[in-house]
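Colleague: Taken in order, these protein sequences are the chains called X and S.
The first sequence begins at 1 in our numbering and counts up one residue at a time.
The second sequence begins at 1 in our numbering and counts up one residue at a time.
Just so you know, not all the hints are guaranteed correct.
Some chain S residues near chain X, calculated using beta-carbon distances under 7 Å [unchecked claim]:
1. Leu-30
2. Ala-184
3. His-186
4. Gly-188
5. Thr-189
6. Thr-191
Where chain X lies over chain S, by a calculated footprint (3+ residues, C-beta under 8 Å) [what the hints assert, rightly or not]:
7. 77 to 86
8. 150 to 162
9. 169 to 183
Honestly, the hints are just simulated from the structure, not real lab data.
Backbone N, C-alpha and C define an ideal beta-carbon position, used for all residues, glycine too.
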Amino acid sequence: MFTAPRFALIVMTLLGGVFLLIYASLGVAKPLATWNWMDIVGEGGTALMSALWVMLVLTSRPSGRVTTLLAGGLLAIALGAWVDSLDEFFAIPKTQVWDNWLESLLMPGGMLTLTAGLFFWRQEQFSLNNHMRKRERLFREHRAFDRITQLADADYLRRQIRLEQARSPDQPCALILLDVNQFHRINRQYGQAEGDRVLQAISHLLLLNLRSDDLLCRYAGDRFAVLMPATTQDDASRMAHHLELCVRLLAHHTQTHGERLWISVRVACAVADQDADKLLDRLNARLELGPPSALEMAAAA
Amino acid sequence: MIPCYQTTTRFIPARYQAALLLEFAHSQDLDDQALFQGTHLDARAMLSEQALLTPGEYLQLLHNINQAAASRDTPFMLGQQLLPGHLGNLSHALLQARNLRQALDILIRYQAWLSPLLAPHLMTLGDKTALYWTDSCVTPRLRGFVVEMMMTAVSGMSRWLSGMRLPWQYRFNRTQPAYIEQYAVHLGTETRFNDYFDAMLIDAEWLDRPWPRGNEMTVTLALAAVEQQSPAEFCRQSLLAALYDYLAARIRLAPTLERTSADFGCSPATFKRHLAQHHTHFQAELDLARAHVTLNMINNQGYSNEQIAAYLGFHDANNFRRSFKRWTGLTPSMLRAHLLDSRVLE
Chain X
1 MFTAPRFALI VMTLLGGVFL LIYASLGVAK PLATWNWMDI VGEGGTALMS ALWVMLVLTS
61 RPSGRVTTLL AGGLLAIALG AWVDSLDEFF AIPKTQVWDN WLESLLMPGG MLTLTAGLFF
121 WRQEQFSLNN HMRKRERLFR EHRAFDRITQ LADADYLRRQ IRLEQARSPD QPCALILLDV
181 NQFHRINRQY GQAEGDRVLQ AISHLLLLNL RSDDLLCRYA GDRFAVLMPA TTQDDASRMA
241 HHLELCVRLL AHHTQTHGER LWISVRVACA VADQDADKLL DRLNARLELG PPSALEMAAA
301 A
Chain S
1 MIPCYQTTTR FIPARYQAAL LLEFAHSQDL DDQALFQGTH LDARAMLSEQ ALLTPGEYLQ
61 LLHNINQAAA SRDTPFMLGQ QLLPGHLGNL SHALLQARNL RQALDILIRY QAWLSPLLAP
121 HLMTLGDKTA LYWTDSCVTP RLRGFVVEMM MTAVSGMSRW LSGMRLPWQY RFNRTQPAYI
181 EQYAVHLGTE TRFNDYFDAM LIDAEWLDRP WPRGNEMTVT LALAAVEQQS PAEFCRQSLL
241 AALYDYLAAR IRLAPTLERT SADFGCSPAT FKRHLAQHHT HFQAELDLAR AHVTLNMINN
301 QGYSNEQIAA YLGFHDANNF RRSFKRWTGL TPSMLRAHLL DSRVLE
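Using the sequences provided together with the hints, build the complete structure.
Modeller: Now the structure itself:
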């Protein structure tokens with residue numbers, strides 16, 4: 001019925017309004033001359049900012065325990081600060097203690113909840129890092145990720161190659177490029193959406209078959225790249241051959257008719273002992289040399 | 001009067017070009033509003049049988065989709081789907097083309113429908129044939145995008161219909177982009193930047209290799225049907241493409257703005273205004289035509305500077321040399337070295 005951000009907004013407005021009413025009815029309005037503007041700005045600002053943080057958290061994260069804790073804690077802090085700032089406008093007789101209770105429950109309670117949220121968020125982050133491990137190495141750049149496969153792009157790859165070369169100059173890393181054979185025919189015959197599904201399937205398959213230190217990128221279109229730190233030419237060739245085999249055994253079924261598609265890739269690999277751009281040029285050219293032209297002719301006939 | 005279309009002429013069948021854009025936008029989870037921003041169009045009107053677009057609207061749609069998708073592969077993905085397309089008989093003729101030569105002839109003859117924004121032309125360069133593109137209705141900002149899209153379209157079509165990746169070599173009149181990987185995957189590694197034109201070169205022998213689906217009879221019938229169904233007021237070329245052909249044919253006669261505008265059926269002031277709307281002016285178009293005629297003469301006939309200068313009506317070779325440098329950024333001798341260089345590399 002209500003989305004989480006809208007629900008939070010309603011709760012905040014309602015409770016804020018209720019507190020305002022209580023203060024207005026039980027307290028005595030202070031004269032304008034005695035208002036402490038410094039406190040009003042400070043406490044009111046804290047309330048508004050925390051309310052904004054609630055919305056940012058709720059609109060950016062999927063719902064779940066961590067999100068609820070983070071948003072709940074911030075919401076309590078926002079209300080605590082709001083009550084605090086109401087103090088500046090209304091004088092509550094010293095005989096009444098409820099306002100002290102309200103303040104000292106909301107603020108620390110919010111802080112505690114937020115801390116619990118952050119603690120679980122940290123755990124969540126560890127498990128996400130584990131999940132992202134073969135998709136990113138050494139640094140995070142959220143703009144570099146591809147919408148379809150959630151893999152990093154060519155730009156990220158080039159930077160990683162340079163980084164890896166600079167990090168361990170005497171321990172060469174290896175690079176594998178994989179290109180899907182006849183991918184354009186899948187797009188033509190079954191549509192771009194099916195092509196995207198094939199790319200997703202292949203990226204999952206490749207991720208499962210890599211070591212935890214390897215990095216998989218979507219170079220462009222139907223071409224993938226694997227960066228393998230501290231790897232010799234022999235090991236890279238073996239891995240390339242293995243990945244080629246894996247893809248050949250993949251049974252991909254189309255979404256509409258469940259038809260089995262036979263997918264294969266051709267590979268090129270080399271030790272990254274030269275400039276990243278030149279290396280990629282060389283591997284790209286090698287992939288072009290080896291298209292299965294006889295197969296293409298047979299398929300087209 | 002020479003008939004031609006302009007950015008505001010309404011003739012592009014929406015159910016082909018715009019429908020492809022709409023489909024692509026949906027596959028990218030973009031909403032229609034982002035696609036139709038700045039136009040008076042909407043999805044329903046777009047898919048009706050008779051809806052027509054102007055080149056200006058088509059450009060705006062491409063601009064919107066490029067902004068919204070914010071991905072470097074957008075022009076390449078769009079290009080892959082563009083040809084042979086969904087234009088009834090015309091697409092059918094392309095699909096059954098006997099060979100590359102026939103497909104390119106159809107593309108050039110029916111460019112208003114198949115490539116309304118960029119005009120394709122053929123030129124022989126020694127033992128190669130170049131398919132090169134000049135502006136029809138593009139803004140300088142979207143030029144690179146449309147070039148990438150159209151080159152991918154022709155490469156994709158020839159690859160599909162011939163059954164193999166053809167050995168095209170690509171030349172671009174632009175600096176090398178940072179996203180070179182898109183060129184490498186979608187077009188190939190035979191790319192050269194900072195060139196004097198946007199062209200795709202191929203050994204002439206590939207033009208006449210028969211294509212597996214080729215069927216002369218179907219092509220003839222389909223094209224006859226296209227001719228019969230095309231509206232009477234239909235223009236085959238854009239203003240700039242018509243002007244390019246007009247100037248190339250009269251290059252020795254020192255064409256003037258006055259004479260040219262009269263032949264295009266308007267006053268010099270109106271003609272100037274039309275050209276300004278296409279982001280160019282008369283002298284620039286004349287220089288372009290002269291540069292291409294010169295390229296042709298150097299490449300094919302091996303003419304000397306003196307001979308070309310005399311042919312184009314320059315006082316002397318020096319004058320010609322300076323002008324050529326202004327048109328292309330290269331002196332004629334640099335161009336000769338450039339050509340030689342590319343042959344050595346091959």
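Colleague: Next, verify each hint and record whether it holds.
Modeller: How the hints compare with the structure:
1. Leu-30: 11 Å, violated
2. Ala-184: 4 Å, holds
3. His-186: 6 Å, holds
4. Gly-188: 6 Å, holds
5. Thr-189: Nearest chain X Cβ about 5 Å off; hint holds.
6. Thr-191: With a minimum Cβ separation of about 10 Å from chain X (threshold 7 Å), the hint on Thr-191(S) is violated.
7. 77 to 86: Result for this restraint: holds, n = 3.
8. 150 to 162: Coverage by chain X holds for the stretch 150 to 162 of chain S (4 residues, Cβ < 8 Å).
9. 169 to 183: Result for this restraint: holds, n = 5.
Checked against the numbered hints above, the structure breaks hints 1 and 6 and satisfies the rest.
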